[in-house]
Amino acid sequence: MGLSYNVYLNSSRIYGCKNCKTHLSNHEDILSRNFRGQHGKAYLFNAVVNISEAEPVERNMTTGRHVVRDISCRQCNEIVGWKYDKAYEASEGYKEGKFILEAELLVNVR
Amino acid sequence: MRIENNGLNSQASVADSGRSGANGASSAAVETNGNGAGIRNGSGKLEGGSTASSFTMLAPPTPKPSYFGHDREEITRIVIQSLVDLGYHRAAGVLEEESEYTLESPEVSEFRDAVLQGQWNKAEELLFGLEINKDADVNALLFYMRQQKFLELLEVADVSKALHVLRTELTPLNQSVEKLHSLSSLMMCISADDLKARAEWDGAAGLSRQQLLSELSSNSSSNCPLVLTDSDVFCAIESISASVMIPEHRLASLLHQVKQNQLSKCLYHNTANSPSLYTDHHCDRNQFPLSTVEILTDHKDEVWFVQFSNDGTRLATGSKDYTVIIWDLEVISLVVASKDFQPIHHLKEHTGAITYLRWSPDDSKLLSCSQDKQAKLWDTTAGGCIKTMGAHTDWVSSCAWAPDGQTFVTGSVDREMILWNLYGESIHRWTGARVYDLVVTADGTRLAAVCTQMKLHVYNFVTREKEYERDLGGVSTCISVSKDSRYILLNMGAGVQELRLLNIETGADVRHFSGTKQEEFVVRNCFGGADENFVVSGSEDSNVYVWRKENGALVEVLPGHSGIVNCVAWNPTNPYMFASAGDDRNVRIWSKAPQPQLKGKMKGVCSQSHKRDPGCLPESSKQLGLIFVPLSLLTSNLFYNTF
Chain A
1 MGLSYNVYLN SSRIYGCKNC KTHLSNHEDI LSRNFRGQHG KAYLFNAVVN ISEAEPVERN
61 MTTGRHVVRD ISCRQCNEIV GWKYDKAYEA SEGYKEGKFI LEAELLVNVR
Chain B
1 MRIENNGLNS QASVADSGRS GANGASSAAV ETNGNGAGIR NGSGKLEGGS TASSFTMLAP
61 PTPKPSYFGH DREEITRIVI QSLVDLGYHR AAGVLEEESE YTLESPEVSE FRDAVLQGQW
121 NKAEELLFGL EINKDADVNA LLFYMRQQKF LELLEVADVS KALHVLRTEL TPLNQSVEKL
181 HSLSSLMMCI SADDLKARAE WDGAAGLSRQ QLLSELSSNS SSNCPLVLTD SDVFCAIESI
241 SASVMIPEHR LASLLHQVKQ NQLSKCLYHN TANSPSLYTD HHCDRNQFPL STVEILTDHK
301 DEVWFVQFSN DGTRLATGSK DYTVIIWDLE VISLVVASKD FQPIHHLKEH TGAITYLRWS
361 PDDSKLLSCS QDKQAKLWDT TAGGCIKTMG AHTDWVSSCA WAPDGQTFVT GSVDREMILW
421 NLYGESIHRW TGARVYDLVV TADGTRLAAV CTQMKLHVYN FVTREKEYER DLGGVSTCIS
481 VSKDSRYILL NMGAGVQELR LLNIETGADV RHFSGTKQEE FVVRNCFGGA DENFVVSGSE
541 DSNVYVWRKE NGALVEVLPG HSGIVNCVAW NPTNPYMFAS AGDDRNVRIW SKAPQPQLKG
601 KMKGVCSQSH KRDPGCLPES SKQLGLIFVP LSLLTSNLFY NTF
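Here the protein sequences come in this chain order: A and B. Counting in UniProt numbering, the first sequence runs from 1 upward without gaps. Counting in UniProt numbering, the second sequence runs from 1 upward without gaps.
Think of the hints as simulated: they come from the structure by calculation, not from any bench. The reader is advised that the hints may include incorrect statements.
If you want the ones that stay clear, here's a sample from chain A, every Cβ over 10 Å from chain B, calculated [stated by the list, open to error]:
1. Gly2
2. His27
3. Glu28
4. Arg33
5. Val57
6. Met61
7. Asn77
8. Glu89
9. Lys98
10. Leu105
A few chain B residues facing chain A, derived, Cβ under 10 Å [as the list claims (entries may be wrong)]:
11. Lys320
12. Thr393
13. Ser397
14. Trp401
15. Glu520
16. Gly563
17. Ile564
18. Asp583
C-beta: ideal position from N, C-alpha, C; glycine also.
When you get a sec, could you build the whole thing from the sequences and use the hints?
Structure, rendered in structure tokens:
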């Protein structure tokens, strides 16, 4: 695999993995705060960094059926949220290719 | 010794007379007390054929043949100049007489005299009588001369005359305003010594007038730096026509160009010696380290770093397996034919992958950096940890020693570079950049680092002030510095995928080296070989790449590793050995291929001496292919070159 470094974000408000502080996304990349995950409040992000993606699975959610995959922190392997691959409801299509990070698993880092 | 008209005979006799002439002159030169004045300084009127009009040449009754296709007059005049340069003044005089060619016309000699004696008005008058290059800027020539005049007036503290020259003679020439400003600022100098220092000028009594002559007669190529010109900026210098006033030391500069040309075409050039003029130069590919002669397999995971000790006798390797191994090269020979690398220490205190290693200048200590956010200082003899530096809050990515070995710098992606002393106390912090790699120059003047924001940061290592930073236009994860402290070498990753050589003083690009694959992982490079003639890099395509530093030509692409080649290191004392470290958990040692025909010749000539310096082998043993390894090892491992 070789030696590779985590991506370091450069905005004024950065969300990191609560466990290991690895940078995950910028505050400016939040698309919506109106989500809920297993641990309560969750945010929809346009882009995230330093994550690895699990295999896609089909999941029934409050807004309908979706194909999603869990995402975990590349550094400590802690699951931090999920990614939407596909939304079956046309009205939910805006989520495709976007990421959910659970607020409870995040911490503000610099 | 009359030159005959028959082509073949005349050539033979020219060669002949040249030889005997040189011999004769060398003994004659002892008696003459001359400094070349007889030839150069336009007493130039020699008895015999050359008269005042000699330069235009009295047409000889029959045209003399060319010198193997070269212009006879050019060759002869250059030879005359060389004889003078060599101190064979009498021979030069004899040659002028016999050939009926003169080194320079009386007008040129007169001009030369005028310049050397500081008779500026006369020199200017004479200048207009000389043949000037058609695209030459006469004003520029005048500027050079008047600048000398100005400086000489300042030297004797005649400020009012100097000012007059500046105002009425230099300014109207419409040359660079900056030059005028810097000249006028010299009027503030408090003494002649101050003036000389500030103007980088050695005074009327020094060599400055001769340098002025060279400048007036030189062409651009002889004036450019000889190796590694920073850019292709061509410094065209306006000059007096070369056929009238031959540029100084013309033969030497021609020979230098020939050598440079041969060296630049010698792809495998790996010796620091200047080539002989007697034969054309060529370094054999067989003499280049192209073969894996040993594979070190002790690491349990990917090997990310490798570095030779400064004395070339040990090797340190660092791995993702959290371990540093120090290897001893019991025997180094021209051909490493046996298992020479013995692991002597396994340093196992880190709790994260090893990212970086650096031997102290005296090799007594080793620094290791790790993803466990610590750097450790090790005793390389006993193998124990002396100090742990735990101030970083993220991976420690890199480190470098000060040349005196009393302090060192660690860099981290936590935005800090920290300067430490040997007691593990932090002395200084440079904050702001998340550092991937850093170097301190061998002369201790600069600290250079590359960071996550795709920038190069250069600091004055003495004052600790920042000198400059530069956007690189891509991620660079590796930086090396040349031994002469003038150049840095960067590996550029995703999107760029090349190596870049930069002038550390200015940050300007000098050269690019392409071919490697580098997308997302740290791939490291190094300088190496005799005189650091080569640039080497790992690559994500599992090959090792070698280029000529001087021209960027790709020398070799060496397969062998499976998976990424993370790091390469050249043995600083052996131009025929380097090491590479890979994701395949192996460290490969590259050297010259063992030569099969050695086997029969080895008996009876093998030495038991543990030779560490391959450069001092006697010539005869090189021819025999003699290698210095214990006899017992030879039979089993001599052909250990294929894996």
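Hint check:
1. Gly2: 3 Å, violated
2. His27: Its Cβ never comes within 10 Å of chain B, the nearest being 19 Å, so this holds.
3. Glu28: 18 Å, holds
4. Arg33: It holds; Arg33 of chain A is separated from chain B by about 29 Å at its closest Cβ, greater than 10 Å.
5. Val57: 27 Å, holds
6. Met61: Label holds. Min Cβ-Cβ 33 Å, cutoff 10 Å.
7. Asn77: 15 Å, holds
8. Glu89: 36 Å, holds
9. Lys98: The assertion about Lys98 of chain A holds, with a minimum of 23 Å to chain B.
10. Leu105: The assertion about Leu105 of chain A holds, with a minimum of 20 Å to chain B.
11. Lys320: 8 Å, holds
12. Thr393: Result: holds, 9 Å to nearest chain A Cβ.
13. Ser397: Hint on Ser397 of chain B: holds, closest Cβ of chain A at ~7 Å, below 10 Å.
14. Trp401: 22 Å, violated
15. Glu520: 5 Å, holds
16. Gly563: 8 Å, holds
17. Ile564: 4 Å, holds
18. Asp583: 6 Å, holds
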